[in-house]
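Undergrad: Please build the complex by placing chain B on the supplied structure of chain A, with the hints as guidance.
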Amino acid sequence: MPKNRVKNRQLTRPPGLSTNLKVTLGVLAAALTVVLLVVATKLTDPKTAEVVRADSHRLSTAADGKVTIVEFLDFECEACGAAYPGVEQLRAEYGDRITYVVRYFPIESHPNAYTSAHAAEAAARQGKFTEMYVKLFDNQNTWGHQEQSQAAVFEGYASELGLDLARFKADAASADVAARVESDAKDGLSLGVQGTPTFFVNGERFAGQPTYEGLKTAVDAVLNR
Amino acid sequence: MRPAVLTDRLLGWVLTLGGLIGALAAFVLMVEKVELLKDPSYVPSCSINPILSCGSVMVTDQAAVFGFPNPLIGVAAFPVVAATGALLLARVALPRWWWLSLQAGALFGVGFVHWLFVQSLYRIGALCPYCMVVWVVMILIFCYLTLANAERGHLPAPRRPTELLLRVHSTIPLVWLLILTALIGVRFESYWSTLI
Chain A
1 MPKNRVKNRQ
11 LTRPPGLSTN
21 LKVTLGVLAA
31 ALTVVLLVVA
41 TKLTDPKTAE
51 VVRADSHRLS
61 TAADGKVTIV
71 EFLDFECEAC
81 GAAYPGVEQL
91 RAEYGDRITY
101 VVRYFPIESH
111 PNAYTSAHAA
121 EAAARQGKFT
131 EMYVKLFDNQ
141 NTWGHQEQSQ
151 AAVFEGYASE
161 LGLDLARFKA
171 DAASADVAAR
181 VESDAKDGLS
191 LGVQGTPTFF
201 VNGERFAGQP
211 TYEGLKTAVD
221 AVLNR
Chain B
1 MRPAVLTDRL
11 LGWVLTLGGL
21 IGALAAFVLM
31 VEKVELLKDP
41 SYVPSCSINP
51 ILSCGSVMVT
61 DQAAVFGFPN
71 PLIGVAAFPV
81 VAATGALLLA
91 RVALPRWWWL
101 SLQAGALFGV
111 GFVHWLFVQS
121 LYRIGALCPY
131 CMVVWVVMIL
141 IFCYLTLANA
151 ERGHLPAPRR
161 PTELLLRVHS
171 TIPLVWLLIL
181 TALIGVRFES
191 YWSTLI
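Taken in order, these protein sequences are the chains called A and B.
Numbering of the first sequence is given in the UniProt record's numbering, commencing with residue 1 and proceeding in unit increments.
Numbering of the second sequence is given in the UniProt record's numbering, commencing with residue 1 and proceeding in unit increments.
For reference, chain A alone in the conformation it holds in the complex (with noise of 0.2 angstroms):
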C-alpha cells in the first residue's frame, strides 16, 4: 500500500511550483505591494497635528500659560466620567492658573458617543460649552450606554441650559458641527490617541492615573519649576 501511494502523488505532482502555488503567490506579492505603496504615500505625508488649536474648547484659561492640561474624551466613556470629579476639583482648585482644554475624541463602540459630541458643540455654538459638558459628565449614568439616540435628553439639557433649542438642533444635525467633532478626533489619531481620556501636559501625553492626585502632581510639578 504506502508502495502505491508515493507512486500515486509522484504521477498526480507535475514538476516545479504547481499553477495553484504559483498564482497564489502571485495574488500575495500583488497585495503586498498595494500595500506597501499605501503605506509609503501616507508616510510622505506631513503630519501636522496638534495638541491645541486656536478653536479647541477651553474650560479655564492661565493667563501666564504655563500650565496647559488637554484632556481627549467621549462623553459616554465610564473612565472618563471616573476622571471628571477629579477634573472638576482639580479645575475648582487652580482655576485660571491652568489652561483646560477639552478636544472630542469619540469611540464607535458607544452608541451616543457622536450625538453626545455634537450636542456639546452645538452648546459651544450658543457659548455654553462648559455648562454642556458639566451637564453630560453630571449625568451620564442616565443617558449612557443605551443603545437608542440620546438626542431628545441632550436638547432637554439644552434648554435647561436656557439655549435656542431650534438653534441648538440645527446646530447638532450639522454637517459643520460633525466636522469639528472629527477634525478634533483626527488630531487626536495623529497624536497617537488611542483610548480616552488621554491627557496631555504642556504638549507631553500624560502617562499618570489620570485621578485628581496624579494630575495635581504632573501640574505641581510644572508649576514649581
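Treat the hints as calculated values from the structure; they're not laboratory data.
What you are looking at is a predicted structure, and each value in this text was computed from that prediction instead of being measured.
Hints may be right or wrong, so weigh each one.
[Unchecked claim] Computed cross-link-like contacts, SDA-like style, restricted to lysine to any residue with a CA-CA straight-line distance of at most 20 angstroms:
hint, chain 1, residue 1, chain 2, residue 2
1, A, K22, B, Y191
2, A, K186, B, W192
3, A, K186, B, V186
4, A, K22, B, L165
5, A, K128, A, K186
6, A, K42, B, K38
7, A, K186, B, L52
8, A, K186, B, F188
9, A, K42, B, L165
10, A, K42, B, W192
11, A, K22, B, L52
12, A, K42, B, R187
13, A, K22, B, L178
14, A, K22, B, R167
15, A, K186, B, N49
16, B, K33, A, K186
17, B, K38, A, D176
18, A, K22, B, P173
19, A, K186, B, R187
20, A, K22, B, V186
21, B, K33, B, Q119
22, B, K33, A, S109
23, A, K186, B, Y191
24, A, K42, B, Y191
[As the list claims (entries may be wrong)] Label pairs and their calculated CB-CB ranges:
hint, chain 1, residue 1, chain 2, residue 2, range
25, A, G127, B, V186, 36 to 44 angstroms
26, A, A179, B, L183, 42 to 50 angstroms
27, A, T19, B, L89, 24 to 32 angstroms
28, A, A31, B, P3, 24 to 32 angstroms
29, B, R159, A, L37, 35 to 43 angstroms
30, B, V175, A, G127, 28 to 36 angstroms
31, B, L10, A, Q209, 49 to 57 angstroms
Glycine included, every Cβ here is placed at the ideal spot set by N, Cα and C.
TA: Coordinates of chain B only, in the frame set by chain A:
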C-alpha cells in the same frame, strides 16, 4: 472517483486544523463571555484598543443573535469539522449524506460569519481578534469543503469551471480574505494610519 487535486490528505489536514483552531477560538470567546457575565467590569484579554476590542463586541445584541452567545455554535460545530478531518486522515470512507450535511453546516457558518463581519465593521465599529480567527478558518473550511465536494461529485457541479477552480484552489480563499482585509483597512483607515 479518486480526487486528484484535493486529496484526502490535503482536505483532511485543512478540516482537522481548521476545526481545531475554530473550536479553540470559540472556546476562548465563550470563556471570556462567562468572565464578563461574572464581572461586568472585566476587560477581556483581547481588548487591546478602541478598534481591536472583544469587550465592546461581546456585549452587543449581535453577539447573541439566537438568544444564546454565538460562540456556543462554534464550540459545538467546529469539533465535528475537526473530527471529519481526522476520519479522512484515518482513511475512513464517509457517506455522501455526511458530506452534504457538513456542506450545509459550512454554508450556514460562512453566511453567519459574513453577517457578523458587516455588523462588526459597520454597526459596532470594533474588531474582536478571536472572532476574526473564526472568520478566517470558516472561510478556509467552506472553500475547501465546497471544492472537494464538487471534485468528488457529492455536489452537482459543472466539470470545466470546477477543474479551473481546483487548479487555483488556495487562491480562492486568499482573494476572499484579501477583500475582507481591504474592507477592514478602508473602514478603520484613520486608525491604521496612526500606527505608521
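Undergrad: Now tell me, hint by hint, if it's right for this structure.
TA: Status of the hints after comparison with the structure:
1. K22/A <-> Y191/B: Given that 20 angstroms is the threshold and the Cα spacing comes to 34 angstroms, the pair is violated.
2. K186/A <-> W192/B: Holds. K186/A to W192/B sits at ~12 angstroms (cutoff 20 angstroms).
3. K186/A <-> V186/B: 15 angstroms, holds
4. K22/A <-> L165/B: 14 angstroms, holds
5. K128/A <-> K186/A: 24 angstroms, violated
6. K42/A <-> K38/B: Violated, because 44 angstroms separates the two Cα atoms, which is more than 20 angstroms.
7. K186/A <-> L52/B: With Cα atoms ~18 angstroms apart, K186/A and L52/B stay inside 20 angstroms; holds.
8. K186/A <-> F188/B: 12 angstroms, holds
9. K42/A <-> L165/B: 36 angstroms, violated
10. K42/A <-> W192/B: 10 angstroms, holds
11. K22/A <-> L52/B: Judged against 20 angstroms, a Cα distance of about 33 angstroms means the pair is violated.
12. K42/A <-> R187/B: 16 angstroms, holds
13. K22/A <-> L178/B: Satisfied, since the Cα-Cα distance of roughly 17 angstroms is no more than 20 angstroms.
14. K22/A <-> R167/B: 11 angstroms, holds
15. K186/A <-> N49/B: 16 angstroms, holds
16. K33/B <-> K186/A: 32 angstroms, violated
17. K38/B <-> D176/A: Distance of about 43 angstroms is beyond 20 angstroms: violated.
18. K22/A <-> P173/B: 15 angstroms, holds
19. K186/A <-> R187/B: 15 angstroms, holds
20. K22/A <-> V186/B: 28 angstroms, violated
21. K33/B <-> Q119/B: 18 angstroms, holds
22. K33/B <-> S109/A: 18 angstroms, holds
23. K186/A <-> Y191/B: Roughly 9 angstroms between the alpha carbons, so the hint for K186/A and Y191/B holds.
24. K42/A <-> Y191/B: Judged against 20 angstroms, a Cα distance of about 12 angstroms means the pair holds.
25. G127/A <-> V186/B: 36 to 44 angstroms: With a Cβ separation near 38 angstroms, G127/A and V186/B satisfy 36 to 44 angstroms, so the hint holds.
26. A179/A <-> L183/B: 42 to 50 angstroms: Violated, at about 24 angstroms.
27. T19/A <-> L89/B: 24 to 32 angstroms: 25 angstroms, holds
28. A31/A <-> P3/B: 24 to 32 angstroms: Between A31/A and P3/B, where Cβ atoms are some 29 angstroms apart, the hint holds.
29. R159/B <-> L37/A: 35 to 43 angstroms: 40 angstroms, holds
30. V175/B <-> G127/A: 28 to 36 angstroms: 55 angstroms, violated
31. L10/B <-> Q209/A: 49 to 57 angstroms: This hint holds: roughly 54 angstroms between Cβ atoms.
This entry does not satisfy hints 1, 5, 6, 9, 11, 16, 17, 20, 26 and 30, going by the numbered hints stated previously.
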